[in-house]
Each structure stands twice: as C-alpha cells, then as structure tokens.
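Student: Sequential numbering of the sequence shown, starting at 1447, is according to the working numbering.
Accuracy of the hints is not assured; some may be wrong.
What the hints assert, rightly or not - Below, a list of computed lysine-lysine pairs in the DSSO-like style, where the Cα atoms sit at most 30 Å apart:
| id | residue 1 | residue 2 |
| --- | --- | --- |
| 1 | K1722 | K1783 |
| 2 | K1562 | K1740 |
| 3 | K1740 | K1724 |
| 4 | K1562 | K1603 |
| 5 | K1649 | K1579 |
| 6 | K1538 | K1579 |
| 7 | K1603 | K1579 |
| 8 | K1603 | K1538 |
| 9 | K1783 | K1724 |
| 10 | K1724 | K1536 |
| 11 | K1651 | K1724 |
| 12 | K1649 | K1603 |
| 13 | K1538 | K1562 |
| 14 | K1651 | K1603 |
It is worth saying that the hints were derived from the structure and are not from the lab.
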Amino acid sequence: MAACGGAGVDQAEPSSNISGSAEGSESLPAFRVAQQVDDAPASTTRTVSSMADATMATVTVSTAAVQSTSATATRAMWSWFDSDIATVAKQKSMLDFAAQRKINIIYVHSQSLLGKPALLAGFIDRAAARSVKVELLFGAPEWSRAENHHLALDILKRANAFVAGLTGARPVGLHFDIEPHGLPDWNQNQVSLGNQLIDLYTKMKAAHRSGLYLNADIAMGYEYVPITRNDVTRTLSHWMVDTVDRTTLMAYRDYAMGADSITSHAEHPISYALTKGKQTMVGVETTCNLEPAKITFCEEGYSRMESNVASVNTLFGTNAGYGGMAFHDYRALRALKR
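All chains should be built: construct the whole structure from the sequences, respecting the hints.
Tutor: This is the structure we're talking about:
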C-alpha cells in the first residue's frame, strides 16, 4: 500500500525514502504508515547484479516472454475502509464502480471485518455473482518483527476459520501488506528486518488454508536490499517471490516507460517470478496530495493513467510472470479526475 496515511518525503537513498498522504476525512487503520522504499543509487544496483542470481536481475522481458494474454485483463483494487462495504447499498456501489473500471479483483481490508462474518461473507457472495474475486487484505509494519509474528499468524488463523465456515462464495487469497520500511529502525537494520519478514512469510505459507493463495505487497526498493539465507544471496523482493504464491509490486510512478518508470521497476520482479512459475501484479497509486508528484496519477487523471497502463500491458502482456495491474485505492480511484 505504502502511500496511504501520514506524510513523508521522497529522497535519493532507498533506505530513507518515504511518501505519503492523508486520505479522506475518515481515519485510516492505526497501523497504516505512509512509506515507500524507492530507487537505489547506482552502486547498490551494481552490488545486486553481482549476486549469485544476478542473471535473473538482468533478464529482459522480451527474452523471457511467453503467452499470458489473460494478465492484461486482470485489474485489482485495494480497499482499506470497512465503511465502504458496511451496507448492501455500499457494497453494490463498490461493485458497480468495479464494473465501470473493469476491476475484477478487490483486496478488501478484513482485519476488523473478520468480527462481522455475515457482512464480509455477503460482500464476497455479491462480488462472486458479478465475477469479481476477493482477496482478504491485512497488514501492519510491526508484524515483520520476530516478536510480533504471532500477531500476524493469529490473524491468518482467524481468516482460515472464517473461510472454513463459509457456505457460499469464497475469497481466492489472503493478501498481506507488511512493510518493514515503515519501522523507525529500517535504515539501520534492513538485513535483519528483511530476514524476519521472510521468516514470517515462510510461517504463513505453511499455515494458510489450502485453496487460498498467499499474496504479498512488495515495495520498489526491496529490489536493492541484498539478503543472504543459507549461503544464498538474493534481493529481498526475490526472496518474497520465492516464499509466497504471488506478489504485488507497488510500482508507484506516473509514467510507464523510461528510467525510474513503472516498467523499469517492475521488470526484475516479473522476470524473476516467471522463472519460479509465479506472477507479480503491478500496482499504481492514485491518491492525491503526495510528494513527489511522480508517485501518483492524481495530477494526470484517469485517461492519462489508463494510457500508461496500456503501455505496461503492451510491454509485459506476453510474459507469464506478469499478473496484471492493481490500483491504489478504491476511494482515491473513485475520486480521480476523468
């Protein structure tokens, strides 16, 4: 999610990059922090390219391309507020909007909604009736710490129990947005926190209910954080691809092509996912009042965003490692100027 709630800056060093905004008058969940790890300096990029799996970091989409036409029609959307599906009318309104924008997957923040099972189940049923898939969305940066893993695993256990009790439509996956770069000691402890994050996702993969895939959000800068595990060195983003079933890269830029663009940041995770028989979604931001302006399509508006999305689809559409586009988030996308 990254660019939701709070305020921040976008700096040159990836370890200290933060971007954020306030969204609407309703308060975000308390755990949301507005942070996004950004580009690495050239020296860091060279370090990554010298790792054991460096060939994966330099694979181009064109050389790894295989047919994946369905991905270009896959469009997801984050939704963070319980109140947006609090009534049948609001649920129908969201699904009407999804149909207008050709959204066919919704990441529904579900931590408190697990305590309202009839409401959440009703939304999943209504979404399924309109051919919209639902992923149950959860997240907090502090869950990445080893001493807090039990909190995330308890949420996962509750989600498993909720799904087991359903008699109608079911969610297709569990989606976690756990961003350790939102922690105050990230700059000093990237390797330790990165390892703890992978440990958590390893536990989650073992514990999540069969029939549900596990999806994890990746910040752009994780591509530049080298992590060594069992004498194997890969980037944090690649370890995440290895560990979960699918990933969603928060490629928050407002231009598709060129240096420091959506596609330049997405190329490596997608190419690596391809080698693992997995897929990476590509996320874009639409929230307003973010700095720097390049991280959001708020200023450019809906038409310009869709033009850039089309360019992303053209480049990655034949790569089986590409899972489609994701839009952050429902409220901001709904307010985005035409």
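Student: Evaluate each hint against the coordinates.
Tutor: Going through the hints against the structure:
1. A hinted pair counts as satisfied when its Cα atoms are at most 30 Å apart, and K1722 with K1783 does not qualify at roughly 38 Å.
2. Restraint check: the Cα-Cα separation between K1562 and K1740 comes to about 38 Å, which exceeds 30 Å; the hinted pair is violated.
3. With a CA separation close to 29 Å, the supplied pair K1740 and K1724 stays within the 30 Å bound.
4. For the given pair, K1562 sits about 16 Å from K1603 by alpha-carbon distance, which is consistent with the 30 Å threshold.
5. Restraint check: the Cα-Cα separation between K1649 and K1579 comes to about 25 Å, which is no more than 30 Å; the hinted pair holds.
6. Taking the CA atoms of K1538 and K1579, the gap is near 14 Å; set against the 30 Å cutoff, the hint holds.
7. With a CA separation close to 21 Å, the supplied pair K1603 and K1579 stays within the 30 Å bound.
8. Restraint check for K1603 and K1538: the C-alpha separation of about 29 Å stays at or below 30 Å, so the hint holds.
9. Pair hint K1783 plus K1724 does not hold up; C-alpha atoms about 34 Å apart against a cutoff of 30 Å.
10. Proposed proximity of K1724 and K1536 is contradicted: the alpha carbons are some 34 Å apart, above 30 Å.
11. Taking the CA atoms of K1651 and K1724, the gap is about 15 Å. The hint holds against a cut of 30 Å.
12. The straight-line distance between the Cα atoms of K1649 and K1603 is roughly 12 Å, inside the 30 Å bound, and the hint therefore holds.
13. Annotation: proposed proximity of K1538 to K1562 holds, straight-line Cα distance about 18 Å (limit 30 Å).
14. Restraint check: the Cα-Cα separation between K1651 and K1603 comes to about 12 Å, which is no more than 30 Å; the hinted pair holds.
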